[in-house]
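Since the structure of chain A is already known, use the hints to place chain B on it.
Number of protein chains: 2
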Amino acid sequence: MRELLRDARVRSSERAFVVEGPRAVAAALDRDARFEAVYLGPRADVAFPELTARLAASGAPVSSLRDGVLERVGTTRTPQPILAVAPMPVVSRDVLARDGLVLVGVALSDPGNVGTILRSAEAAGAAAILLGPGSVDAYNPKVVRSSAGAIFGIPVVDAVSEGWSAVEALDALGELGRQRLGAAARTGTPYPEVDFRRPTAIVLGNEAHGLGDDITAHLEGHVTIPMGGPAESLNVAMAASVLCFESARQRS
Amino acid sequence: MRELLRDARVRSSERAFVVEGPRAVAAALDRDARFEAVYLGPRADVAFPELTARLAASGAPVSSLRDGVLERVGTTRTPQPILAVAPMPVVSRDVLARDGLVLVGVALSDPGNVGTILRSAEAAGAAAILLGPGSVDAYNPKVVRSSAGAIFGIPVVDAVSEGWSAVEALDALGELGRQRLGAAARTGTPYPEVDFRRPTAIVLGNEAHGLGDDITAHLEGHVTIPMGGPAESLNVAMAASVLCFESARQRS
Chain A
55 MRELLRDARV
65 RSSERAFVVE
75 GPRAVAAALD
85 RDARFEAVYL
95 GPRADVAFPE
105 LTARLAASGA
115 PVSSLRDGVL
125 ERVGTTRTPQ
135 PILAVAPMPV
145 VSRDVLARDG
155 LVLVGVALSD
165 PGNVGTILRS
175 AEAAGAAAIL
185 LGPGSVDAYN
195 PKVVRSSAGA
205 IFGIPVVDAV
215 SEGWSAVEAL
225 DALGELGRQR
235 LGAAARTGTP
245 YPEVDFRRPT
255 AIVLGNEAHG
265 LGDDITAHLE
275 GHVTIPMGGP
285 AESLNVAMAA
295 SVLCFESARQ
305 RS
Chain B
55 MRELLRDARV
65 RSSERAFVVE
75 GPRAVAAALD
85 RDARFEAVYL
95 GPRADVAFPE
105 LTARLAASGA
115 PVSSLRDGVL
125 ERVGTTRTPQ
135 PILAVAPMPV
145 VSRDVLARDG
155 LVLVGVALSD
165 PGNVGTILRS
175 AEAAGAAAIL
185 LGPGSVDAYN
195 PKVVRSSAGA
205 IFGIPVVDAV
215 SEGWSAVEAL
225 DALGELGRQR
235 LGAAARTGTP
245 YPEVDFRRPT
255 AIVLGNEAHG
265 LGDDITAHLE
275 GHVTIPMGGP
285 AESLNVAMAA
295 SVLCFESARQ
305 RS
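Protein chains in written order, with our numbering: chain A, 55 to 306; chain B, 55 to 306.
Extracted from the complex, chain A is given alone in its bound form:
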């Protein structure tokens, strides 16, 4: 468990990840997650009777842990009374052809941002997320936590597993007929003027460095959220949220 939480290579070889805390576990069940194992701290069944009943009914093997064990395993500041191990979903690249927006993360490094992007994308009805090489692992515990269940609700395609470089991933999206637009702080098309009813992929760059020239050469254009005043840029998760919901608005 400790290794699953702390080491992306262990998650990858075990094809499993950990969901921490009653809220996240409940949000996973809301999305029909199946757990390989559930661990309850002392008195978790008393504190969360409804959730522990749901977990028992789900057929997942539930174990109770002694006082002090979860504290040594979990990654959250406040120890969580419930941890659950979930198998990594098998996501086919075919989801990229689904109806709805695709978001592409190129070297997104902040797990809180990636989790928040998953949450907004799921809520806005996006088709999928594609994470390029150098992005944080989607099953990192901070991503899982900040996704608030969305890691179970929206397919995440891992470019590395597909054998794609970032440029090859963009090529694949282009072959599916998607317009590929980089999110840019300035000089792109103002987002209300973008036609999101067309199949679209929005490409989000690294929080500090944006999109490189190699990526830009594989885009049809850029989209910008017009900003006033001295603001240099938006947080990438905020920008993604605004664009996801503009897509949903235009398509509704």
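Everything labelled a hint here was simulated from the structure, so no lab data went into it.
Quick caveat: nothing in here was measured; it's all calculated off a predicted structure.
Idealized CB from N, CA, C, for every residue including glycine.
Hints are not guaranteed to be accurate.
Stated by the list, open to error - In silico SDA-like cross-links for lysine to any residue, where the CA-CA straight-line distance does not exceed 20 angstroms:
id, chain 1, residue 1, chain 2, residue 2
1, A, Lys-196, B, Asp-164
2, A, Lys-196, B, Ser-163
3, B, Lys-196, A, Glu-261
4, B, Lys-196, A, Asp-164
5, A, Lys-196, B, Thr-130
6, A, Lys-196, B, Asp-86
7, A, Lys-196, B, Glu-261
8, A, Lys-196, B, Glu-274
9, A, Lys-196, B, Ser-287
10, B, Lys-196, A, Glu-286
11, B, Lys-196, A, Gly-166
12, A, Lys-196, B, Lys-196
13, B, Lys-196, A, Thr-132
14, B, Lys-196, A, Ser-287
15, B, Lys-196, A, Arg-131
As the list claims (entries may be wrong) - Restraint-style ranges between C-beta atoms, simulated for each label pair:
id, chain 1, residue 1, chain 2, residue 2, range
16, A, Asp-61, B, Arg-126, 27 to 33 angstroms
17, A, Thr-243, B, Glu-222, 27 to 33 angstroms
18, A, Ser-118, B, Glu-229, 55 to 61 angstroms
19, A, Gly-228, B, Arg-126, 49 to 55 angstroms
Relative to chain A, chain B alone:
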């Protein structure tokens, strides 16, 4: 410095707060911040020559600190080589009458969320933020950091300093002719149907508990960001971003 960073009461009595790190300090200068004092770690002048020159030119008193001092003072995981002390701006309640959206935070408890809301609100050209009783202090170091300079770019009215309860703050906004709309995960007016060209205040509730009945009784209605699938709610900062930019879109 340690107390200014760690204790809201000290910030309040000293009327000062701390900006941590070269990016945040540069973003503050971009917004014409005046610092009372600047502290540089060893070699900060070599690592950030342009910024240290700007700081010197700004007239702020600059001191150099010995190795290991900043590490003991700062609140960030990675010690920051530059810290600066800024006076708290004096914000009059008159800013609430300005053109543009007002966001009201009722008991917002997460500093990262509040900072992100400041950042989006500034970038979207909102008029002001009003923080109600029980909200995190706007000059908390995590708020300052995640605001990316916006704490210097958008006025933040503190209801407590104005002697207002949350309900009295809403009354004040109503007297200014603003429609007061609570952000709700369900059952409100879909946000594209809200007329943001009217003077508007969007009221954001606590991350876990939402808006209480006492608040709801002082609203004209609710606004909802339609969500698909099993998503229960959006992160409050993402919801605020979407609403701020919808307001900007309608008003542009």
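Evaluation of the provided hints:
1. A:Lys-196 to B:Asp-164: holds, 16 angstroms
2. A:Lys-196 to B:Ser-163: holds, 19 angstroms
3. B:Lys-196 to A:Glu-261: Given that 20 angstroms is the threshold and the Cα spacing comes to 18 angstroms, the pair holds.
4. B:Lys-196 to A:Asp-164: Holds, at about 16 angstroms.
5. A:Lys-196 to B:Thr-130: The hint holds at about 18 angstroms.
6. A:Lys-196 to B:Asp-86: Answer violated: Lys-196 of chain A to Asp-86 of chain B is near 35 angstroms, above 20 angstroms.
7. A:Lys-196 to B:Glu-261: holds, 18 angstroms
8. A:Lys-196 to B:Glu-274: Violated, at roughly 37 angstroms.
9. A:Lys-196 to B:Ser-287: holds, 18 angstroms
10. B:Lys-196 to A:Glu-286: Roughly 19 angstroms separates the two Cα atoms, so the pair holds.
11. B:Lys-196 to A:Gly-166: Given pair Lys-196 of chain B, Gly-166 of chain A holds - Cα atoms ~14 angstroms apart, limit 20 angstroms.
12. A:Lys-196 to B:Lys-196: holds, 17 angstroms
13. B:Lys-196 to A:Thr-132: Measuring from Cα to Cα gives roughly 18 angstroms; hence the hint holds.
14. B:Lys-196 to A:Ser-287: Holds, at roughly 18 angstroms.
15. B:Lys-196 to A:Arg-131: holds, 16 angstroms
16. A:Asp-61 to B:Arg-126: 27 to 33 angstroms: Since Asp-61 of chain A and Arg-126 of chain B have Cβ atoms about 31 angstroms apart, the given range 27 to 33 angstroms holds.
17. A:Thr-243 to B:Glu-222: 27 to 33 angstroms: Given range 27 to 33 angstroms: violated, Cβ gap about 44 angstroms.
18. A:Ser-118 to B:Glu-229: 55 to 61 angstroms: holds, 57 angstroms
19. A:Gly-228 to B:Arg-126: 49 to 55 angstroms: Because 52 angstroms falls inside the window, the suggested range holds.
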